[in-house]
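Chains A and B are the protein sequences, given in the same order. Quick note on numbering: the first sequence equals residues 7 to 529 in the numbering used here. Quick note on numbering: the second sequence equals residues 7 to 529 in the numbering used here.
Quick caveat, the hints were computed from the structure, so don't treat them as lab data. All of these numbers come straight from a predicted model, not from anything done at the bench. Ideal Cβ placement from N, Cα and C applies to all residues, glycine included. Treat the hints with care, since some could be wrong.
[As the list claims (entries may be wrong)] Rough simulated footprint, nothing fancy, chain B against chain A, three-plus residues with beta-carbon under 8 Å:
# : segment
1 : 206 to 212
2 : 248 to 255
[Stated by the list, open to error] In silico DMTMM-like links for lysine to aspartate or glutamate, alpha-carbon gap of 20 Å or less:
# : chain 1 : residue 1 : chain 2 : residue 2
3 : A       : Lys167    : B       : Asp401
4 : A       : Lys167    : B       : Glu424
5 : A       : Lys167    : B       : Glu386
6 : B       : Lys167    : A       : Glu356
7 : B       : Lys167    : A       : Glu484
8 : A       : Lys472    : A       : Glu461
9 : B       : Lys365    : B       : Glu424
2 protein chains.
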Amino acid sequence: MRQYVVHEVIRRTLITNPDQLVVSGNTRLTYAQLYERVLRLANSLRELGIGAGTMVGVLDVNTHRFFELHYALSMLGATLHTINFRLSPEQMVYSMVHAADEWLFVSDTFMGAVKPLTAKFPNWVVMSDDSDYPLPDVARAHRYEDLVSAGDARELSTADKVQDTDIFSIFYTTGTTGKPKGIRYRHKKILLGALQLFHHLALHQTGARIDSRDVFMPLVPFFHIHGWGMAFFPAYIGAKLVLAGAAPPDVQAKLIRQEGVTALNMVPTQLHMLLEQPDFSNVKVLTGGSPLTSGLAKAADSRGVKFSLIYGGSDQLATAISVVPEDVAPDTPEALEWLRVGMRPLPMVEVEIRDKTGKRVPHDGQTVGTVWVRSPWLPEGYYKEPELTAEAYIDGWFRSGDLGVFYPNGGLYVADRERDAVKSGGEWIPTGMLEALLSEHPAVGIVAVIARPDERWGERPVAVVKPSGDVSADELREFLQLKVADGTIASYWIPDAFEFVDDIPLTSAGKINKVALRAQFAK
Amino acid sequence: MRQYVVHEVIRRTLITNPDQLVVSGNTRLTYAQLYERVLRLANSLRELGIGAGTMVGVLDVNTHRFFELHYALSMLGATLHTINFRLSPEQMVYSMVHAADEWLFVSDTFMGAVKPLTAKFPNWVVMSDDSDYPLPDVARAHRYEDLVSAGDARELSTADKVQDTDIFSIFYTTGTTGKPKGIRYRHKKILLGALQLFHHLALHQTGARIDSRDVFMPLVPFFHIHGWGMAFFPAYIGAKLVLAGAAPPDVQAKLIRQEGVTALNMVPTQLHMLLEQPDFSNVKVLTGGSPLTSGLAKAADSRGVKFSLIYGGSDQLATAISVVPEDVAPDTPEALEWLRVGMRPLPMVEVEIRDKTGKRVPHDGQTVGTVWVRSPWLPEGYYKEPELTAEAYIDGWFRSGDLGVFYPNGGLYVADRERDAVKSGGEWIPTGMLEALLSEHPAVGIVAVIARPDERWGERPVAVVKPSGDVSADELREFLQLKVADGTIASYWIPDAFEFVDDIPLTSAGKINKVALRAQFAK
Numbered sequence: 007m008r009q010y011v012v013h014e015v016i017r018r019t020l021i022t023n024p025d026q027l028v029v030s031g032n033t034r035l036t037y038a039q040l041y042e043r044v045l046r047l048a049n050s051l052r053e054l055g056i057g058a059g060t061m062v063g064v065l066d067v068n069t070h071r072f073f074e075l076h077y078a079l080s081m082l083g084a085t086l087h088t089i090n091f092r093l094s095p096e097q098m099v100y101s102m103v104h105a106a107d108e109w110l111f112v113s114d115t116f117m118g119a120v121k122p123l124t125a126k127f128p129n130w131v132v133m134s135d136d137s138d139y140p141l142p143d144v145a146r147a148h149r150y151e152d153l154v155s156a157g158d159a160r161e162l163s164t165a166d167k168v169q170d171t172d173i174f175s176i177f178y179t180t181g182t183t184g185k186p187k188g189i190r191y192r193h194k195k196i197l198l199g200a201l202q203l204f205h206h207l208a209l210h211q212t213g214a215r216i217d218s219r220d221v222f223m224p225l226v227p228f229f230h231i232h233g234w235g236m237a238f239f240p241a242y243i244g245a246k247l248v249l250a251g252a253a254p255p256d257v258q259a260k261l262i263r264q265e266g267v268t269a270l271n272m273v274p275t276q277l278h279m280l281l282e283q284p285d286f287s288n289v290k291v292l293t294g295g296s297p298l299t300s301g302l303a304k305a306a307d308s309r310g311v312k313f314s315l316i317y318g319g320s321d322q323l324a325t326a327i328s329v330v331p332e333d334v335a336p337d338t339p340e341a342l343e344w345l346r347v348g349m350r351p352l353p354m355v356e357v358e359i360r361d362k363t364g365k366r367v368p369h370d371g372q373t374v375g376t377v378w379v380r381s382p383w384l385p386e387g388y389y390k391e392p393e394l395t396a397e398a399y400i401d402g403w404f405r406s407g408d409l410g411v412f413y414p415n416g417g418l419y420v421a422d423r424e425r426d427a428v429k430s431g432g433e434w435i436p437t438g439m440l441e442a443l444l445s446e447h448p449a450v451g452i453v454a455v456i457a458r459p460d461e462r463w464g465e466r467p468v469a470v471v472k473p474s475g476d477v478s479a480d481e482l483r484e485f486l487q488l489k490v491a492d493g494t495i496a497s498y499w500i501p502d503a504f505e506f507v508d509d510i511p512l513t514s515a516g517k518i519n520k521v522a523l524r525a526q527f528a529k
Numbered sequence: 007m008r009q010y011v012v013h014e015v016i017r018r019t020l021i022t023n024p025d026q027l028v029v030s031g032n033t034r035l036t037y038a039q040l041y042e043r044v045l046r047l048a049n050s051l052r053e054l055g056i057g058a059g060t061m062v063g064v065l066d067v068n069t070h071r072f073f074e075l076h077y078a079l080s081m082l083g084a085t086l087h088t089i090n091f092r093l094s095p096e097q098m099v100y101s102m103v104h105a106a107d108e109w110l111f112v113s114d115t116f117m118g119a120v121k122p123l124t125a126k127f128p129n130w131v132v133m134s135d136d137s138d139y140p141l142p143d144v145a146r147a148h149r150y151e152d153l154v155s156a157g158d159a160r161e162l163s164t165a166d167k168v169q170d171t172d173i174f175s176i177f178y179t180t181g182t183t184g185k186p187k188g189i190r191y192r193h194k195k196i197l198l199g200a201l202q203l204f205h206h207l208a209l210h211q212t213g214a215r216i217d218s219r220d221v222f223m224p225l226v227p228f229f230h231i232h233g234w235g236m237a238f239f240p241a242y243i244g245a246k247l248v249l250a251g252a253a254p255p256d257v258q259a260k261l262i263r264q265e266g267v268t269a270l271n272m273v274p275t276q277l278h279m280l281l282e283q284p285d286f287s288n289v290k291v292l293t294g295g296s297p298l299t300s301g302l303a304k305a306a307d308s309r310g311v312k313f314s315l316i317y318g319g320s321d322q323l324a325t326a327i328s329v330v331p332e333d334v335a336p337d338t339p340e341a342l343e344w345l346r347v348g349m350r351p352l353p354m355v356e357v358e359i360r361d362k363t364g365k366r367v368p369h370d371g372q373t374v375g376t377v378w379v380r381s382p383w384l385p386e387g388y389y390k391e392p393e394l395t396a397e398a399y400i401d402g403w404f405r406s407g408d409l410g411v412f413y414p415n416g417g418l419y420v421a422d423r424e425r426d427a428v429k430s431g432g433e434w435i436p437t438g439m440l441e442a443l444l445s446e447h448p449a450v451g452i453v454a455v456i457a458r459p460d461e462r463w464g465e466r467p468v469a470v471v472k473p474s475g476d477v478s479a480d481e482l483r484e485f486l487q488l489k490v491a492d493g494t495i496a497s498y499w500i501p502d503a504f505e506f507v508d509d510i511p512l513t514s515a516g517k518i519n520k521v522a523l524r525a526q527f528a529k
């Protein structure tokens, strides 16, 4: 019987789309050529002793080699540790030691920065277009392209032994506090979760409705849930895949135009940067990871950039996606607003918003609670962290730590992380919702709401604003009063203070750095 | 953890589409109302002792009650035997005894015909809109609607105990010869197979590309692989579902117009009958089960009826679907031809065409061989038939008994059943391919090619033609000579004889009755 294992995804391209292209830098490979490289690589790796359960760390941007490694390691039954290069150097080493990486595959993009690792890790494979790229001074070191050249192109006998319940990969989350947490993904779960996301995109009226004629470019790095599943989906339907490597936004925009890219994924910060390129237009974008402001949504819309918002994460995988409800006409301002804020659980996913006693809150578009998720692809917990696992994975459910509300029509709005929300007089004030409302003001550029300790209320909100025009604290206060008057928010949500700044600090992942803001303004 | 079990499919509608409709005869239910009826029914059935593993036979056309039973029996962990009413009465009883049906759910449509069964089966539930419908004289008999009224609307504790590897249903294939064969479907496999079919329809350029705003009507009966999966898919995405019960084609056409139906499935015979209705137009049709003639394809196209062809069956589930290849422009005559004959394996499905020695044949669009299939949803074999199972299910593959060819671009054409093909001089002549070619002649109405025993060649083809205009055997012979000249077929494919008839006999399933034709013309 065939199973949902990763390397089975790509085999169909040999029949249906052998000449379709994977483009990566100056490399242009057909799926047929790429599959042969995967077989050669896998046979060479097998000679090196890489097999069932071997932990293999990969440190690379989105290239064809990282893409190939997904399929080669799957055939061997090895575990792919997609090393999170957005972690601090110290945290990155922690994750590699915690996962117990036996082999490291490192691209030349990262070789300069990771030399200190040579003392800790003895087995290296260097990935570079340069066939003379110097090897590190370790016990065993190889060049990736030499392994591809040396390997046989025959099918691997190990490939049919891999079970869909076997571990395929491991990933360590950033975590703004504490040490990184590892999450292991089984073949079946990582595939079903990723594929459901794209299936749902194809089934619904969304801004980013896709089909098999699209040309895909993941701008989410492969390390992060395999580029939100884009390491699998184009191969699964035999579509053209374009990989941008370490290209900056202007080169990305050029590549999108040159290769006819039509469907991308990225976090909002990347979307913001691409919209600064004059020739970025008329594509479909799947985005998420932080709220989309109405300013960014309108800027995208005015350039013909259609989008959908995703909700999920490395510890729950894909959960919800923004769609235009059936009773709303597509391509209207109302539809755009739904795509920006109104998500629906994916088919087979159950989402509940619960209060602190564990009771489900009403679907009234007002009552904020914690998002709980249940799905067929929910991971089992944090690797070698039974206590952290027990706190978040409860009775088949995942307690997300996010705050959300349900609208009467089933639309889900995820407002905030609990740790970022303001708890005032025992009630949650979701800062993400406040930020979204404030960003509707024409003179607000970027806005972040943080909690300031308060003797009477416990915490009170403070808005840190980077203005895009002339605006005062009184004006913003009045602006929010209108939202109180029309019933959108309660009056106690209005921030006690508005701080105006020249710039808002971002984290390495491109999100607003609230830790830094709290240090400065929440005293 | 949530699993791929049938009743999980419908629960999401409570959040996303509680007011969406299921229409069945004079009954109009929202998903919220229907879900409550399912709970009430399931709780009543539990009181009757129906639980994990109970075999429940259901004999009904496509109604809301049959639809509800899918979900209620799933919650109980019972097994749904979808009784094939196209079997002969003798074969039907054989299937019910072989499956060991403990309870029978029979709609009033069938009550007249099945009274002889009362001696064999003691436990009955009668399904009717008539609250006084007479109960059969058996040990235990109930009315379905009484059970719904009497039951509690609470969630079932058994529902979370059902595993995705449990058996959900059993079905007995017609089989033109021999006794019916039972195939059991596990929850996960029946769902993944059915959903993949619709996902693929949504992802590709096909004539029948669907989305969540479609209104669905299964004209394939629920007994046949759950209406080719349409007992699940509309609920899975929260779409409107319209059930036609026992309505004849003119009433079906009226219902399609009245309820705004946009997406249907049916066998080609049903399509033919609907196209005879003046007001049947502008819908999407998924069809299959027998080849689509170019005449029928053109008739559909001229009415704005877009279609895709499916390949699969009860013993392999969904395998392939016709799509417009990426290098062919949609809505062209070439695209139409691909939709009629050129299928692609579904993602995750592997198809091989093998010769009699088991070797894969070249993908040259010419070499005919047997279709072998491997997929994650392949059933394990025939229920309590180890020998028949061993003949067809081999090393994780299913040997389909169908003849097919692969085109160089990955297009799959399934030409014929092996048992219908003509074996001339040791070579297969696929009659389906010959029929398709002959049906392109403007004066050919319906055509069937059968094998006539031949001393020299073993078998030789004979074409039985129901003409739609003036045509002679010589003309048809010359017509096929052109196809020999352009390399489409070999010269020995040309039938030895052309027999002209006033009508072509059909089986109860609406396929051409080749057994009857052979009895008349193959002597």
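Now for the hints, and whether the structure bears them out:
no. : hint                : verdict
1   : 206 to 212          : holds (count 4)
2   : 248 to 255          : violated (count 0)
3   : A:Lys167 - B:Asp401 : holds (13 Å)
4   : A:Lys167 - B:Glu424 : violated (33 Å)
5   : A:Lys167 - B:Glu386 : holds (18 Å)
6   : B:Lys167 - A:Glu356 : holds (17 Å)
7   : B:Lys167 - A:Glu484 : violated (55 Å)
8   : A:Lys472 - A:Glu461 : violated (28 Å)
9   : B:Lys365 - B:Glu424 : holds (17 Å)
Going through the hint list in order, the structure does not satisfy hints 2, 4, 7 and 8.
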